[in-house]
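Asker: Each chain, written out:
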Amino acid sequence: MAASRRGQLPMSLSVLLMAPLVLLLAWAFFLPIGKLLLTSVTEPAPGLENYRRLIAEPLYRQVIFRTLWIALVCTVSALLLGYPIAVLMARPGRVAVKIAVVCVMIPLWTSALIRSYAWIMLLQRKGVINSVLLSVDPGFKPLNMLYSNGAVLMAMTHVLLPFMILPIASALGSISPDLPRAALNLGAGRVRTFFAVTLPLSLPGVFAGCLLVFVMSLGFYVTPALVGGPQTLMIATLIAEQATTLLNWPFAGAISCVLLVLSLGLTVTFKRLLRLERVVAHD
Amino acid sequence: MADAVRGLEVGIHEVWRRYGAVTAVGGVSLTVGAGEFVSLLGPSGSGKTTLLMMLAGFEEPDSGRLTVGTRDITRVAPNKRDIAMVFQRYALFPHMTVAENIAFPLRMRRVGRAERDERVNRAIGMVKLDAQAGRKPSELSGGQQQRVALARAIVFEPPVILMDEPLGALDKKLRQHMQSELRQLQQRLGATVIYVTHDQEEALTMSDRVAVMNGGQLIQLGPPRELYDRPADAFVADFIGEMNLLPATLDTLRDGACTVRHAAGTAGATPSRSGLGPGASVRLAVRPEHVELVPDTMVHGAPGVGLRGTVAQSVFNGASTAVLVELPGGDRLRADVGARSDVALLRPGTAVLARWPALSAIAFPDPG
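Those sequence lines, one after another, are chains A and V. Okay, so the first sequence: first residue is 8 according to the working numbering, each after it adds one. Okay, so the second sequence: first residue is -13 according to the working numbering, each after it adds one.
Everything hinted at is true.
Among the chain A residues that face chain V by a calculated CB cut under 10 Å, a handful are:
1. S183
2. L186
3. N192
4. L193
5. G196
6. L208
One side only, chain V facing chain A, incomplete, derived with CB under 8 Å:
7. F44
8. P64
9. N65
10. A70
11. M71
12. F73
13. R75
14. A77
15. F90
16. P91
By construction, these hints were calculated from the structure, which means they are not laboratory data. Backbone N, C-alpha and C fix where the C-beta goes; we use that ideal spot for every residue, glycine too.
Kindly produce the complete structure, drawing on both the sequences and the hints.
Answerer: As structure tokens, this is what we get:
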């Protein structure tokens, strides 16, 4: 007991308290994933046949690249759309701020499934947009908007936007209001104040938001599956198809492994970059 | 640097600022001379910070004019005013080094690299931070951060520097040290300084003149000595230094001097303004160091020369002893008596007579 510092639990008690969660995770998460990944190198025959097929077939390569590309565009558009909203949210007091907070939080509390269906209602051939356009111009030819890359990008950006806005708003909110004021006082205009002071100090939030949105869109399933079509097949949909429709579990395991490596690799790289940024900017 | 900087006169003309129903600044007029050090002193909510924010351009007056030299700055953007400000919490940019922080105002003014480096180095030297130039603000102590803020404010040689309780976050000893350093620096630079504080001691020791504010109004403006010796009203009297304020009634009035009556006796005083007649309720103000205590027995049979009471408590302070005298009617009077006074007199329970020269006490009209 003498060794334990004030406010800290003894080692044995800590282990005991963590045990249920660790056991649950091990049994319900790590074990099945391990098994799935293992089958990818053992079945149908031991070796890397599943991975060879994944790389060799143009369709699968295409899906992987499309997923990366969609995730990237999603992240960039979420950043461009989200930053101004985060700036608005970080400003205390005003009514507009409260409205912005509600607009960001309500989608977050609504299931992605419902939000994706909302996009279908909006974009489908007899949906809201086409009906409005038709009522304006009766000779109008309805647009095919659903099941396209654009629809997937729009819906995914919308669904993931809160995960970009919240970390940035939190970073902006932690900047003392004195700092932009000091910059103004010392002769910087509003634009230079933003680029010299506000933006650099909000970068940790920007990195956190980008990482969250990018990694989440890599493995996003519901929205692309509903809003997208065969031309917009992404990794998660591919895995589901292999596992539940074709019952090719070993191949699903191989694709999962690629997704896992991509996500983990990116997370680690981002963390590195972030630390580098700290050395350069904050220390 | 010293001869390059010349302070400019700052004019505040009939400035008003209201927030809803609250009047933060109510018609303040004040002129600060070129190169002068003026403190805005007042309790929180007195309007001193709002006034400073309006000078910096972060708030706009509802009406009135602000001038620097001959230029009207009332509607000028904050970054175009050439007025530096030292913030209470320093407001150093955490992602920049000490040198980068200090170079910031020069970079914004597009000063060339060679000249910029030279001026930054000179400013760093002036605040004695040469060894810390490459560090980040988070690696500095409070006093060092304060110095960086100061260097950043003086490096672009502004004619006017605003300071918002810049020493408030430092401990007492460091604060006193920084007070004299700040004053010396200001005199060397010749810049006009407007200094906001709620610490009356700080205002008195540093300023050429002090502007006492209360409830959005400028109550009194004058050199520290004048504020201390001739406060304009009971608020200033109470706010500046230690002051006994006793409710009393004006008794007689003659040749600019008066006598006042209190439950404990009568005493001499100077009326704060004409128009006070016999019978008026007044607040009798007398500084503890002007109160003399004598044994009550010595003056029997000589009425009209002081207030009678008993010693309630004596606190030894080194150079003097603070004696609290309990007066009939429940009032207490503080007397600061010299170290060499009669020790027997200071014992609690002793009956004493408190008196003072009529010239050192003031009778203010009772505000309510």
